[in-house]
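Peer 1: Take a look at the letters that make up each chain.
There are 2 protein chains.
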Amino acid sequence: MKTYLDCIPCFMQQALRAGRMVTSDEKLLKQILNKTGEMVKTISMQATPAETGMIVYNIVKEVTGVNDSYKNIKQQHFKETKSIYSELENIVANSDDKLLSAIKIAIAGNIIDLGVNKSFNIVKDVKIILKQDFAIFDYEIFKIQLEKSKNIFYIGDNAGESVFDKLLIKELKKPVKYAVRSIPIINDVTMEDAIASGLDEVAELIDSGCKSPGIILKQSTPEFIRLFNTSDLIISKGQGNYEGLSDCKRQVFFLLKTKCSIISNHLGVKEDSIIFKEHKI
Amino acid sequence: MKTYLDCIPCFMQQALRAGRMVTSDEKLLKQILNKTGEMVKTISMQATPAETGMIVYNIVKEVTGVNDSYKNIKQQHFKETKSIYSELENIVANSDDKLLSAIKIAIAGNIIDLGVNKSFNIVKDVKIILKQDFAIFDYEIFKIQLEKSKNIFYIGDNAGESVFDKLLIKELKKPVKYAVRSIPIINDVTMEDAIASGLDEVAELIDSGCKSPGIILKQSTPEFIRLFNTSDLIISKGQGNYEGLSDCKRQVFFLLKTKCSIISNHLGVKEDSIIFKEHKI
Numbered sequence: 027m028k029t030y031l032d033c034i035p036c037f038m039q040q041a042l043r044a045g046r047m048v049t050s051d052e053k054l055l056k057q058i059l060n061k062t063g064e065m066v067k068t069i070s071m072q073a074t075p076a077e078t079g080m081i082v083y084n085i086v087k088e089v090t091g092v093n094d095s096y097k098n099i100k101q102q103h104f105k106e107t108k109s110i111y112s113e114l115e116n117i118v119a120n121s122d123d124k125l126l127s128a129i130k131i132a133i134a135g136n137i138i139d140l141g142v143n144k145s146f147n148i149v150k151d152v153k154i155i156l157k158q159d160f161a162i163f164d165y166e167i168f169k170i171q172l173e174k175s176k177n178i179f180y181i182g183d184n185a186g187e188s189v190f191d192k193l194l195i196k197e198l199k200k201p202v203k204y205a206v207r208s209i210p211i212i213n214d215v216t217m218e219d220a221i222a223s224g225l226d227e228v229a230e231l232i233d234s235g236c237k238s239p240g241i242i243l244k245q246s247t248p249e250f251i252r253l254f255n256t257s258d259l260i261i262s263k264g265q266g267n268y269e270g271l272s273d274c275k276r277q278v279f280f281l282l283k284t285k286c287s288i289i290s291n292h293l294g295v296k297e298d299s300i301i302f303k304e305h306k307i
Numbered sequence: 027m028k029t030y031l032d033c034i035p036c037f038m039q040q041a042l043r044a045g046r047m048v049t050s051d052e053k054l055l056k057q058i059l060n061k062t063g064e065m066v067k068t069i070s071m072q073a074t075p076a077e078t079g080m081i082v083y084n085i086v087k088e089v090t091g092v093n094d095s096y097k098n099i100k101q102q103h104f105k106e107t108k109s110i111y112s113e114l115e116n117i118v119a120n121s122d123d124k125l126l127s128a129i130k131i132a133i134a135g136n137i138i139d140l141g142v143n144k145s146f147n148i149v150k151d152v153k154i155i156l157k158q159d160f161a162i163f164d165y166e167i168f169k170i171q172l173e174k175s176k177n178i179f180y181i182g183d184n185a186g187e188s189v190f191d192k193l194l195i196k197e198l199k200k201p202v203k204y205a206v207r208s209i210p211i212i213n214d215v216t217m218e219d220a221i222a223s224g225l226d227e228v229a230e231l232i233d234s235g236c237k238s239p240g241i242i243l244k245q246s247t248p249e250f251i252r253l254f255n256t257s258d259l260i261i262s263k264g265q266g267n268y269e270g271l272s273d274c275k276r277q278v279f280f281l282l283k284t285k286c287s288i289i290s291n292h293l294g295v296k297e298d299s300i301i302f303k304e305h306k307i
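So the sequences go chain by chain: A and B. Under the numbering used here, the first residue of the first sequence is numbered 27, with each subsequent residue one higher. Under the numbering used here, the first residue of the second sequence is numbered 27, with each subsequent residue one higher.
Chain A with its partners taken away, still in its complex shape (with noise of 0.2 Å):
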């Protein structure tokens, strides 16, 4: 996916969204709008939003010297997302269609992302999208294709979210190898985080390689590309994955939540839709 002009002034919002988690100093956040302004001209609107997220989010580092700006408030997701894990599994096992249902609650999972401007209430929303109908649903497909792989490829998104994967991990009862982002990058799942999710339990972890806020395939390591190319089947969460991946050349299964204006209609959806939808070759 290209980057769409609608995503420049939201550049803007996200520069200032992710200062505003290390500093209240407003020669210090104006600072960091300054840079990100001069920046735009540099944008290329070929690149995917995850790859110019990328640059925001390092202006942002640079500016406040702070590497990690949304570790305390991973943690806080981590607690909530564990809270109600038991009270999940449940209902996941009292299910006519488990993987369904383990679907559902992974898509939920996606609405713990910082990188938009919604907020959320983990507890309250995650059974609200468990009562939601999918925009577009894939299923059946995905069902055929689950049963005749032989290994999964499932490329994380968020930190908190990572819980929920857990929940979905266990229910498509086939090896998993389950990738993460190479360093700290708004909330995104890092391999610190896959593990302080329980990842390490039920699946391989590997670290794609990426520093942007979504899967920038020239970006990622051999061992990423290897098993983009050669698994048998791909999950993809979230929005900035989706961004890197939805021109690619293989079959991709993309679970997301779409939260803003230009990905939903991109996949030709109502904004707040939940999508599970077969990208094919």
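Check before you lean on any hint, since a few could be wrong.
Same chains, same label: a pair holds when it works inside one copy or across any pair of copies.
Derived lysine-lysine pairs resembling DSBU-like cross-links, with alpha carbons at most 35 Å apart [to be verified]:
hint	residue 1	residue 2
1	Lys306	Lys56
2	Lys244	Lys200
3	Lys244	Lys61
4	Lys157	Lys176
5	Lys275	Lys176
6	Lys87	Lys97
7	Lys87	Lys56
8	Lys124	Lys196
Hints are computed from structural coordinates only; laboratory data are not their basis.
Fit chain B to the supplied structure of chain A, relying on the hints for placement.
Peer 2: Coordinates of chain B only, in the frame set by chain A:
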């Protein structure tokens, strides 16, 4: 009122929205955003948002070569406001408190603002606002001031809205001077628009000297300043004028609908409130 950090992403949105009024050429629109982005570092946080707004809209004019990008849409707003003028005139005529009804209609007209990211339906929204309660309501003080005033200085805001200002001016029953913008900027009311609104029949029209989407006293003509300092009563319409006059050293009655979080917070009210506020010396 000073510029807030949140105004800066909003300037980028305004630049894009204004550009799109004139062109759908993505390269030109990107160029507008590049120049607006570069300009961010020159923004003084002590200036009013309207001062920076002027620079933003000048960038749009410069890049597109179009001087009055809102010309057509202003004509459409005139058509719509004039189509319900008699009906609103009847509402005033049949009211127990004619002055208050006319004030509400004048505020309702303030929805016709293309500087903010809000869609509106003139005919429908005006009727909703007529039933809305004021968040700030200094009507009693206004009536006392009006009673003892020999002359009134009325500072206009948007074209179309200006048609409803005529209704209020007729109810004031005092000599009124009506100030307009010096040049077309967004959909703000110019001399030509004021005449098209029939305001020349009820008031003496004055060029404010301002080329910004809101009064900037240091840019105003000596005549505007004289009237501003000496008039018995001042009515200031809309957000842009509020930004420029909220710290001024005389009594002003602000009549506006709050259409962004920054102005709403500054006034201590919720967004989409209707305001009739006495600014004291």
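Peer 1: If a hint holds in the structure, say so; if it does not, say that too.
Peer 2: Now the hints, each set against the structure:
no.	hint	in the structure
1	Lys306 to Lys56	between (44 Å within a copy, 32 Å between copies)
2	Lys244 to Lys200	within (28 Å within a copy, 71 Å between copies)
3	Lys244 to Lys61	both (25 Å within a copy, 30 Å between copies)
4	Lys157 to Lys176	within (31 Å within a copy, 64 Å between copies)
5	Lys275 to Lys176	within (20 Å within a copy, 76 Å between copies)
6	Lys87 to Lys97	within (13 Å within a copy, 44 Å between copies)
7	Lys87 to Lys56	both (14 Å within a copy, 26 Å between copies)
8	Lys124 to Lys196	within (10 Å within a copy, 70 Å between copies)
No hint from the list above goes unmet by this structure.
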